[in-house]
Amino acid sequence: MEYNSKNPYAKRKYIIALIAVGVMVVYIFRLFYLQILSPQYREFADSNAFLRKMLYPARGAIYDRNGNLLVYNQPTYDVMMVVREMGEFDTLDFCNTLNIDESTYQKLEADMKDRRKNPGYSSYTPQLFMSQLTVEQYGLLQEKLYKFPGIYIQNRTRRQYKYPNMGVILGYIAEVDKNALESDPYYVRGDYIGKSGIELSHEKDLRGEKGVEIWLRDARGRLQGRYKDGAEDKAPVSGRDLTLSIDINLQAYGEYLMQNKIGSIVMIEPKTGEIVCIVSSPSYDPAILTGKDFGRNYLELERNPYKPLINRAVAGMYPPGSTFKPSQGAVFMKEGIITMETRYSCFHGYPPLGGRPACHGHASPLSIVPALATSCNSFFCYGLNAMLSNREKYTDVNEAFDVWKSYLNKMGYGDRLGVDLPSEKKGFIPNSKFYNKVLKRNNWNAHNIISIAIGQGEILATPVQIANFAAVVANRGYYYVPHVVRERKGAPLDTLYTRKRYADIDRSIFEIIAQGMANAVTGGTCRTANLLPEIEVCGKTGTSQNPHGDDHSLFMGFAPKDNPRVAIAVIVENGRFGASNAVPIGRLMLQKFFNDSIPETDKWLENRIINTTILPHIYSRELSIVKNDSLQNKDN
Amino acid sequence: MYLNSGEIKDKGQVDRLTVLMYVFFLILGWLSVYAASYDIENAVSLFDLSERATMQLVWIGTSLILAFALLKIDTGFYETYAFVFYLVGLVLLIVTFIVAPEIHGSRSWLVLGPVRLQPAEFMKFIIALALAKVFSLYDFRLMEWKNLLLIFSILLLPFLFVVLQSETGTALVYLSFLLVFFREGLPGGVLFVFVAAIVYFVLGIKFSDTQIGLFSLGEFITLILIILFTTVLVRNYVKRKEVVYTILGISASVFLIAYFLSFFGVKIDWGLVALIALGTVILYLSYLFFLYRKRVYVYMLAFAIGSFVFLESTEYVFNDVLQPHQRIRIEVALGMKQDFRGAGYHVGQSKIAIGSGGFLGKGFLKGTQTKLKYVPEQDTDFIFCTIAEEAGFVGASIVLILYLCFILRLIYLAERQTTTFGRVYGYGVVSVFLFHLIINIGMVIGIMPVIGIPLPFFSYGGSSLWGFTFLLFIFLRLDKSRRKK
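The listed protein sequences derive, respectively, from chains A and B.
So for the first sequence, numbering that gives the first Met the number 0 puts the first residue at 0; every next one is plus one.
So for the second sequence, numbering that gives the first Met the number 0 puts the first residue at 0; every next one is plus one.
Any given hint might turn out to be false.
As the list claims (entries may be wrong) - In silico BS3-like cross-links for lysine-lysine, where the CA-CA straight-line distance does not exceed 25 Å:
id, chain 1, residue 1, chain 2, residue 2
1, A, Lys404, A, Lys439
2, A, Lys161, A, Lys194
3, A, Lys203, A, Lys116
4, A, Lys233, B, Lys365
5, A, Lys10, B, Lys479
6, A, Lys146, A, Lys306
7, A, Lys52, B, Lys365
8, A, Lys177, A, Lys116
9, A, Lys488, A, Lys209
10, B, Lys372, A, Lys146
11, A, Lys116, A, Lys209
12, A, Lys233, B, Lys361
13, A, Lys194, A, Lys209
14, B, Lys365, A, Lys10
15, B, Lys372, A, Lys12
16, A, Lys425, A, Lys436
17, A, Lys227, B, Lys361
18, A, Lys227, B, Lys479
19, A, Lys499, A, Lys488
20, A, Lys146, A, Lys161
21, A, Lys52, B, Lys361
22, B, Lys372, A, Lys52
23, A, Lys227, B, Lys365
Said to hold, decoys possible - DEER-style ranges, computed between Cβ atoms:
id, chain 1, residue 1, chain 2, residue 2, range
24, A, Tyr32, B, Gly362, 16 to 26 Å
25, A, Val20, B, Ile304, 32 to 42 Å
26, A, Lys146, B, Ser49, 43 to 53 Å
27, B, Ile102, A, Tyr32, 29 to 39 Å
Hints were generated in silico from the structure; no laboratory data involved.
We treat Cβ as the ideally placed atom computed from N, Cα and C, and that holds for glycine.
Build out the structure end to end from the sequences listed, making use of the hints.
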């Protein structure tokens with residue numbers, strides 16, 4: 000048939016063409032949406048195709064100052080699950096292999112999928128299902144792993160301890176919690192993180208860096224080799240080993256002496272600030288906070304009324320008592336309030352206030368050196384009053400007091416020293432504003448606050464601050480921030496610890512103070528600590544009043560007087576007079592430090608101390624405090 | 000007897016542009032198949048015939064030879080033997096249905112030694128030829144009942160046989176020739192009815208969960224749509240304009256009355272209200288018919304009533320006629336089900352592969368989803384994923400635009416045909432290609448349900464490649480010998 004070119008329907012070609020164009024435009028928009036606007040497809044593709052295997056580095060080991068290994072790692076095994084790959088899964092068989100029951104399985108699964116507990120949960124990536132398999136479970140599961148698609152075993156490590164000491168100092172590691180997961184993207188659920196002690200404060204050094212292997216996975220879940228032949232893999236970096244300044248033998252001995260007592264011993268090497276011994280009692284064996292019994296043991300420790308989880312060395316705040324006096328003497332001399340010869344009288348008490356604070360019997364009047372030796376309260380009350388009421392040097396009591404405070408701060412009191420352990424407390428040295436507020440006026444005077452002259456009242460210090468002050472005197476006017484880590488492998492120490500901090504008080508003044516402290520040992524209240532003729536010890540006792548019970552017993556000192564090698568602070572809660580408990584412990588610790596052993600002549604003292612029990616009566620029943628009962632390390 | 004080309008000299012040339020595009024598609028297509036069947040582990044020789052990429056080369060080579068041959072054959076040949084081809088084709092389809100072994104769930108392959116052929120693929124161009132022949136018969140008028148029956152039968156017989164082979168997807172291709180009818184004068188209203196039917200179906204299924212009184216939400220919306228569609232048809236086909244306003248007025252009144260009543264505390268079943276509205280409109284149309292006796296009113300009535308019947312039967316058809324795997328595919332496409340394991344997995348992986356391609360793609364042979372075989376059927380029906388993943392948005396869009404140009408070129412060629420036979424056949428070619436494109440790409444990107452039809456020239460497969468080559472080059476031959484006006 001001949002074609003009539005005036006076909007009435009010719010216009011329909013436009014409609015047909017329009018349909019074609021229209022559909023293509025829609026499709027191109029859809030492509031745009033899928034490929035450009037929707038990043039989640041890229042992620043799905045990656046999670047489909049990539050299996051990211053975490054490579055966990057070894058956590059850093061910890062050594063003592065003599066190279067003795069304290070903390071090391073032991074392998075442990077976690078069960079990981081990729082839900083999306085699981086498919087046909089014989090749950091019963093799986094439970095039997097692991098020797099868990101069905102309800103446990105369901106609970107573990109629910110916990111794994113709970114986004115409140117596990118914010119990073121995804122059915123595409125390996126998730127922690129069950130941690131710390133026993134060796135038997137590991138063996139059985141490993142054999143039958145092929146039966147359970149989507150299940151992997153992840154090698155992890157767990158901490159091991161060679162000595163049952165230093166629990167709270169070393170700290171423990173546990174699974175990272177929700178807050179840490181949210182604040183630091185380095186961690187994923189199931190990772191371990193230091194929770195206390197050195198494990199916490201040096202977490203970044205110890206944890207190393209996780210590595211990753213990226214494997215290609217095909218649609219059947221079979222691994223098809225490494226992505227880009229491993230070009231994008233990252234090798235794990237081992238954690239840094241730490242060498243502590245602590246001497247484990249000294250430390251263990253200190254914990255031994257402090258058994259059945261509550262308190263702290265801190266020993267610092269003045270010329271470096273290194274802490275050679277830091278005891279907090281009651282203490283516990285760090286090994287109990289590892290492994291399957293962690294939960295149970297932790298609860299017990301937490302419930303223990305004597306609070307073994309607190310590191311009293313840095314977090315216990317006590318009125319320093321008479322150990323405060325040397326600092327007072329130094330300030331008064333520096334400000335010219337007194338000289339070496341200035342004498343004040345004492346009639347069994349501070350006369351201007353009617354004999355309060357009271358004082359024990361000694362000659363009167365005394366100058367600074369004998370005042371320190373006999374620990375005369377009156378002397379220092381006079382001194383404080385003289386300073387605070389001096390209107391030639393200071394316009395008012397506020398200025399005087401703030402000057403007073405500034406010296407104390409420079410000597411390490413009243414603020415965190417910056418020790419490399421967590422939970423350090425500041426102590427408390429008030430400023431003038433504080434008293435203005437408390438006393439509700441600005442024109443108070445020393446007599447309103449007289450007890451601070453003798454280290455009571457509002458003044459609070461931690462044992463490490465007291466030991467640090469002893470180091471200040473030992474060095475004759477400066478200190479280094481005390482620290483427990485002496486060296487970290489592959490990195491220098493933070494300069495925080497290597498800078499001298501000056502007290503801005505002359506050497507000569509501290510020389511006088513030191514003399515006073517030396518006399519306290521030879522003829523004063525610290526006689527028990529006298530180690531002459533071998534070592535000349537300088538010391539100061541303290542008996543700090545405790546409104547809740549018996550007074551605390553304190554001892555502060557350093558030795559030898561010239562070229563000192565160690566500064567020490569001891570505090571025994573409720574130990575009453577300083578001389579009763581703290582000083583003997585100080586003596587024994589010094590013996591151990593200098594001679595490595597206790598001479599026969601001191602054995603009786605050692606025995607006495609060992610058998611002294613000073614535990615406030617909170618419970619009448621027997622408490623299960625985990626104590627260290629051997630001096631030897633486990634290898635002997 | 001209806002030869003007209005024997006004496007006419009070939010004045011024209013083979014359209015080079017189209018041939019160029021064809022070759023280009025073949026090359027791109029082969030590269031995609033290579034990438035899709037690439038196995039990271041084993042580097043396989045290109046000479047290994049068991050490899051798909053190699054086999055595809057064979058098919059491409061033979062197609063080129065075929066194309067060449069087709070261009071040489073006299074045009075009259077095609078026109079003369081159109082009906083013969085058709086009969087042979089039908090017989091082949093029946094034979095296939097009877098003897099074919101079951102492969103991949105369908106019985107549509109004839110095995111001849113090492114070669115497997117799908118007659119259903121070849122039926123595409125055969126139908127086009129048959130239709131062209133019918134339309135070019137002397138004094139053929141489309142809108143006569145006899146003729147309508149004839150052309151629909153030409154479509155529906157093969158449709159039936161292929162459905163029996165369990166290849167519903169391919170069967171649906173035959174329905175695409177409706178576009179040809181549209182071009183040749185089928186009233187737009189018919190197309191509109193088809194579109195309306197699809198809309199009813201989709202709405203009815205997608206919103207079948209919530210209830211509005213007597214009906215589901217989907218049915219409710221559809222009832223309102225039926226009224227609106229009827230109005231549209233009335234506006235186009237009925238001369239009296241006031242009919243439109245009356246219908247709208249009646250429906251609105253019914254709803255207003257109901258709304259009014261609800262203030263009196265009467266509990267209104269809105270589904271019932273919609274039904275009443277529709278019923279009133281139907282009554283009105285019947286009234287008009289009795290009044291004016293015009294045929295057009297019958298058509299309107301048929302549409303309104305038919306739509307309602309269709310709507311009510313969708314649920315039955317969906318649940319009892321369609322097979323489970325077809326149901327799921329539709330549900331996935333409509334976004335009703337996620338089904339990550341079955342049909343949803345397929346499209347899900349496809350979208351992931353496409354989406355991860357980004358702007359520039361991952362590079363040739365570097366597509367992770369492709370290499371790692373995440374998308375099933377990636378070298379056949381889902382071949383487009385390979386392009387999208389490895390060439391990105393840029394590459395995929397270019398391919399789409401190329402296809403668009405191809406279609407538009409074919410439309411242009413069809414329009415410039417000087418014979419009805421040529422034009423009808425040409426539009427047949429357009430319809431088939433357009434349908435494949437819309438469905439295949441739509442399915443891969445998640446807009447259309449998964450219907451198994453290939454992407455022309457790209458998907459691996461000898462039968463489809465040959466079938467398309469036949470389809471295209473017969474047309475190019477016809478075009479070559481078109482008379483200059």
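key: Violations among the numbered hints, reported as their numbers in ascending order   = Result: hints 6, 14, 15, 18, 20 and 26 break, sorted rising.
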